[in-house]
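Protein chains: 2
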Amino acid sequence: MKILLTNDDGIYAEGIYLLYEQLKKIGEVIVVAPDSERSAVGHGITLSRPIWYKNVKRKQKAFGYGISGTPADCVKFAIGVLLKVKPDVVVSGINLGPNDGCSVFYSGTVAGAREGALLGIPSIAISLDTFINPDYTFAAKFGAKITKHVYKNTLPKGTFLNVNVPNIKSLKIRGIKATRQCTVPIHGSFRKKKDPNLKDYYWMTGKVPTQKNNDKIDTYALGNNYVTITPIKSDSTDYDYLKEVESLRL
Amino acid sequence: MKILLTNDDGIYAEGIYLLYEQLKKIGEVIVVAPDSERSAVGHGITLSRPIWYKNVKRKQKAFGYGISGTPADCVKFAIGVLLKVKPDVVVSGINLGPNDGCSVFYSGTVAGAREGALLGIPSIAISLDTFINPDYTFAAKFGAKITKHVYKNTLPKGTFLNVNVPNIKSLKIRGIKATRQCTVPIHGSFRKKKDPNLKDYYWMTGKVPTQKNNDKIDTYALGNNYVTITPIKSDSTDYDYLKEVESLRL
Chain A
6 MKILLTNDDG IYAEGIYLLY EQLKKIGEVI VVAPDSERSA VGHGITLSRP
56 IWYKNVKRKQ KAFGYGISGT PADCVKFAIG VLLKVKPDVV VSGINLGPND
106 GCSVFYSGTV AGAREGALLG IPSIAISLDT FINPDYTFAA KFGAKITKHV
156 YKNTLPKGTF LNVNVPNIKS LKIRGIKATR QCTVPIHGSF RKKKDPNLKD
206 YYWMTGKVPT QKNNDKIDTY ALGNNYVTIT PIKSDSTDYD YLKEVESLRL
Chain P
6 MKILLTNDDG IYAEGIYLLY EQLKKIGEVI VVAPDSERSA VGHGITLSRP
56 IWYKNVKRKQ KAFGYGISGT PADCVKFAIG VLLKVKPDVV VSGINLGPND
106 GCSVFYSGTV AGAREGALLG IPSIAISLDT FINPDYTFAA KFGAKITKHV
156 YKNTLPKGTF LNVNVPNIKS LKIRGIKATR QCTVPIHGSF RKKKDPNLKD
206 YYWMTGKVPT QKNNDKIDTY ALGNNYVTIT PIKSDSTDYD YLKEVESLRL
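Quick note, the sequences are listed as chains A and P, same order.
Each position in the first sequence, counted from 1, maps to that position plus 5 in this note's numbering.
Each position in the second sequence, counted from 1, maps to that position plus 5 in this note's numbering.
Because the hints were derived from the structure by calculation, they are not lab data.
Keep in mind that this is a model prediction, so the values were computed, not measured.
There may be inaccurate statements among the hints.
[To be verified] Here are some of the chain P residues that sit facing chain A, going by a computed Cβ distance under 7 Å:
#1 50
#2 110
#3 111
#4 163
#5 179
#6 180
#7 209
#8 234
#9 236
#10 241
#11 242
Even for Gly, the Cβ is constructed at its ideal location relative to N, Cα and C.
This is chain A alone, in the form it adopts within the complex (with noise of 0.2 Å):
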């Protein structure tokens, strides 16, 4: 099994790392991931300056390649360029920070994910829910077993699994939940100061969904310590509304 591992907390994060350790006892792993950290930057991709790659060593060892680019573009770049063979399996992570409900737009990681699903490869990104003190040794464990399970039983064309993973001890959880994408919005909460210069800016931070006691959709079941699987369609049309649109009369 090949397997291309890209993140967005850059290639020399600590998740990418423990992630690669427990993939390369199940297959081969190619890394490609962003040159520096890279959150937040969605499915944005570099058209319009260069990409540069330079060969990255981790622990005095080869490990991989850093991209000047965002994860979408280290999954083109990998299989562009840097590969001659597609990988059987695109994972993206582990990402220090949750990415459920409306993450899942927001998030590099897993805009990588869902980039390797575009281009028709079984596809996973695999998030840790805290922002300190990560402990990825499970999240890394689980990433490991997944993809061994996708690469066995693949995913329907176009569609990638999107994991979280409490940051609590492995006894403590509580099990797996087949979940689907929480849709409360994450509104901007910004806070105003003045730069050195007397200027104003503003820092934005989001507000997140108020937990609720609903194992069946992501944010929730995560926050009530189940580990998250949400598959995740790349076909976003509304075919409900789909037959409206077809009766408009503009």
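Since the structure of chain A is provided, determine the placement of chain P on it from the hints.
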């Protein structure tokens, strides 16, 4: 009707100005757009650095707010900071270049509309199918027409309209088609060159899908000189496959 207008070509682009002129005739227009071009930034948002805005004039008149961020930032910033009341409709465009098929993920313009939809506002993205010699006349008028329609009839929660317009004289436009999103991948094509220091760099372009006679799909209907309207959902859960994920034993 309160219309929030954004784009990804930037607040000084021609397309947003001509659309503004038409929208002004049917409602109050608040322009909140990136302070320079942000093409292909996808649904990226700015979390790791500050955001500024400035008041922008065009043709010696107050025109709108120029934001140091992405189109999705613009929508969040408009609602979180600049506006006292939520807009009735979010319109994003007119984009220079088509946003059919997989480009709905790469495009900042489409992300502007998706962000509106995520925040519960009926939203529309409008793009013109050319990169050179644009004639926005028809697209701007059509944009106002469909905005009025959406204001009157609203849209399903979380769904927005992705409109693409051929760059031909209005008499040659064959009609309007309700379409689904083309899922043929846009493979990256990379041109290798040497920089002044003789270091290799790559420049990405996209290989667009081969034209087909299928006017139910946005890419092909657009190529056949139809205006395309694709309803796009922001819940991207694959509900069919969700059942299989539920039966997973990992």
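Right, here's what the structure says about each hint:
no., hint, verdict
1, 50, "holds, 5 Å"
2, 110, "holds, 4 Å"
3, 111, "holds, 5 Å"
4, 163, "holds, 6 Å"
5, 179, "violated, 14 Å"
6, 180, "violated, 10 Å"
7, 209, "holds, 6 Å"
8, 234, "holds, 5 Å"
9, 236, "holds, 4 Å"
10, 241, "holds, 5 Å"
11, 242, "holds, 4 Å"
When each numbered hint is compared with the structure, violations occur for hints 5, 6.
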